[in-house]
Amino acid sequence: MFENIDLTLVNWSRAQFALTAMFHWLFVPLTLGLGFIVAFMESIYVKTGDEEWKRITKFWMKLFGINFAIGVATGIILEFEFGTNWSNYSWFVGDIFGAPLAIEGIMAFFLESTFIAVMFFGWGKVSKKFHLTATWLTAIGANLSALWILVANAWMQNPVGMKFNPETARNEMVNFWDVFLSETAVNKFLHTTTSGYVLASIFVVGISAWFLLKKRHILFAKRSIVIASVFGIVSSIMLIGTGDGSAREIARNQPMKFAAMESLFEGQTQAPLIAIGLFGKAPDDPLNKESESDFLVKIEIPNMLSYMAFLKVDAFVPGIKDLVLGNEARGIISYKEKIHRGYEAQQVLRAFKEAKNNDLEEYNRLKAKFDDKEWVDNYFRYFGYGNYYDEDPNQLEINAFKIVPPISISFYAFHIMVGLGMHFLLLFVVLLWLTARNKIEDKKIVLYTALWTIPLAYVASQAGWIVAEMGRQPWVIQDLMPTMKAVSKIDSTSVMITFWLFTITFVGLAIAEVKIMTKQIKNGPKEGGDK
Amino acid sequence: MFGELSHLALQQYWWVIVSLLGAILVFLMFVQGGQTLIYTIGKTDLERTMLVNTLGRKWEFTFTTLVTFGGAFFASFPLFYSTSFGGAYWVWIIILFAFVLQAVSYEFRTRPNNFFGAKTFETFLFINGLIGTIFIGTAVATFFTGSAFSVNDMNQSQWELTTHGLEAAFNLHNLSLGLAVFFLARVLGLLYFINSVAHPEMEKRARKQLLFNGIPFVVFFLTFLIWLLLRDGFAVNPDTQEVFMEPYKYFHNLIAMPVVLIMLLIGVVAVLFGLIASIISENCTRGIWSAGAGTILTVLSLLLVAGFNNTAFYPSTFDLQSSLTIQNASSSHFTLTAMSYVSLLVPFVLAYIIYVWRAINNKPIDEDEMSSDDLHIY
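Sequences listed follow chains A and B, in order. So that you can map any letter, position 238 of the first sequence is 238 in this note's numbering, and since no number is skipped, the others follow by simple counting. Going from the second sequence to this note's numbering is simple: count from 1 and add 1000.
You can take every hint at face value.
The list that follows gives simulated cross-link-like pairs (lysine-lysine, DSBU-like), each with its CA atoms no further than 30 Å apart: (1) B/Lys-1363 with A/Lys-526; (2) A/Lys-128 with A/Lys-62; (3) A/Lys-519 with B/Lys-1043; (4) A/Lys-515 with B/Lys-1058.
Hint data in this document are derived by calculation from the structure and do not stem from the laboratory.
Same shape as in the complex, but just chain A:
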């Protein structure tokens, strides 16, 4: 089944997309959160007329601008790459996926790019209130851009609101609201944007802590800490809430991803949640019937996984083997069966295409299948599994185990993300409490912790991306299209060359960004207030 697939090409294409997306995602979370933080600060300035608040606003706004530019530069690459590297994907789902991208441009990017100009060049040219409005609109615009791309991403993880059209050989949208308001989309948007708010809050408290350690700009730093800690606490609580919502939604819609996140091989009721775990031997090396988790260290919370997934302590959480091999008692269809059904759906589509020009009766009969809800729900929905079909049953079983995401990576990324999220919340609470009691300046350990938490916020953010995107492999569209079928037919050398070009560019940009950013931070806000 894999003979027509150039895996080198698939791997380079994946590497290039991962590189671009992860690099883009280094800068976007800060934009999402810092936009609002700056808007809060400027609101206080406009309300109180206190020039110190203007100084504070402008300092963070400058950092926002530097960071924003590189987010824009990397965002356009993703849009192009959907076409350049994933052309089969762009056709197969373009009818659904394209719309959010277009709406993003019309609704969000123009808002962002128009009002950011006012934010930076409008001081003194427009009224204070109009300037403040522009700052808010820039922050809202940035978050709206995140909304639409995440709606598109959520649809890939949980394809709803569409129907396959055999004539055009693609999925077509039939209900916009199902796509827009799917539980995956809502959770993904809220969880991802609030993670950006938390990262930005960590960024602000970390840098402010550095100023306090250096005994510079004390008032500025304390005020910044107050704003960012309050925003950080509120956002962290939302982050935990939406994370919990995401977990339940994933347990239902992407049970394999859920099982991989916990490295759960055998399904069980009253399943415990692993709070901390360290693997001995990697569980997926190789992955087969005999595989199991081999933990060197494991601390569990009893019943928690069942509760997290289904809000019931005695709920059954399916494991990786239940999903691959099937579990009749629990009504779980095996991957082998899904592969057979998917293969049949693919054969029906092929036969339909062949009948088109020479057998009208057969053509109509086959076309009707795609309108038959029962057939669609029992066969077509496994369309993508058909790519793993093999006549030899042994090979087919080996292939079935290929429909599992990388387990140790998913596990570690998930646990790092959650653990750090808890650390961030605690840090905000401590900082706010100490600042309120006016003791923050003496607490060097806390200040150093805040400073060194900045890189950890980025680690957590990237880990979140890994859970979402590696955890859903091998699917680019859950159950319908595997990643290997989505690529453009180009030679792998071309993609390899562009991969390295991107790498060189990104390294250069990252160095420039970090150097500029640290210089601006060291310069600090302007002394003596602005004119």
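The hints should help you fit chain B onto chain A, whose structure is shown.
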């Protein structure tokens, strides 16, 4: 409202929107053109900083329009997106790199400790202006000249040449449009400087440069246009959807669609008027508006000629029947309807853009502004 329109009517509506976005994009490429003239017009660091800043307040519009043009094209004609982007890989990647470099250059150029130095970022801006315009022009010309690709019955496409799009740059007809767009962008950039920079010396230099860039623009543009009107075009039989070659197809399209013909003529005249008036009269500072509106009309009419009146807008020279038309490449009726409702936002977007443009540009940029403490300076 939109739901009752036929699929064809929606396809046409979206072809107009995509064409309009493309047309606005070409006008906004005055930013790219201006970027290639920073050293020609600005002789001192301060002068160059003024030029960079006057462009810097607009670059995001161009960039965002490019992104939105891409997004709207993807959403309304996904088969074009998958076929062209996935096939003409290198052309799109080169365009992409040119814009990635631009996006950081304004913000980073004069920041202390920027690692590469101001000159590097100015070079990036120059590369963006040179490569971005020529390659976009060349890529759009393939709407008329065709490319070598095939599309199978599952609508999966394959490029038939290993050069993956680079071959487009070696076709003289494509190149004539690429160079026309490049010189047009420079002309528009100069007109924009004349309009928005208060600096008599630089204004003088800009007017002188208008002539040097206006002439090649007219030569390349007329070459492209006359060649276009004379060449065979990719026609579609409306009954069978069969694609065939028709002599003088694009000329016929103009005759069949007189409104488009009139738009084209007015557009060309308006561009020439803005250009010539600004060369002749030293008081003329608004040439950008006439030339800009003319650019939009001209590009819009050319794109309508490419897609309307039973024409394949993205033709295949390898397999005629693989050619893309607005009918076989479009999104479903439902998606086009949903997006049409979103398109109703466009007038609001235009309204706030115009409002903000005026608020920021109500006074031409001058030397004092460059040392302002209160503004963000690039």
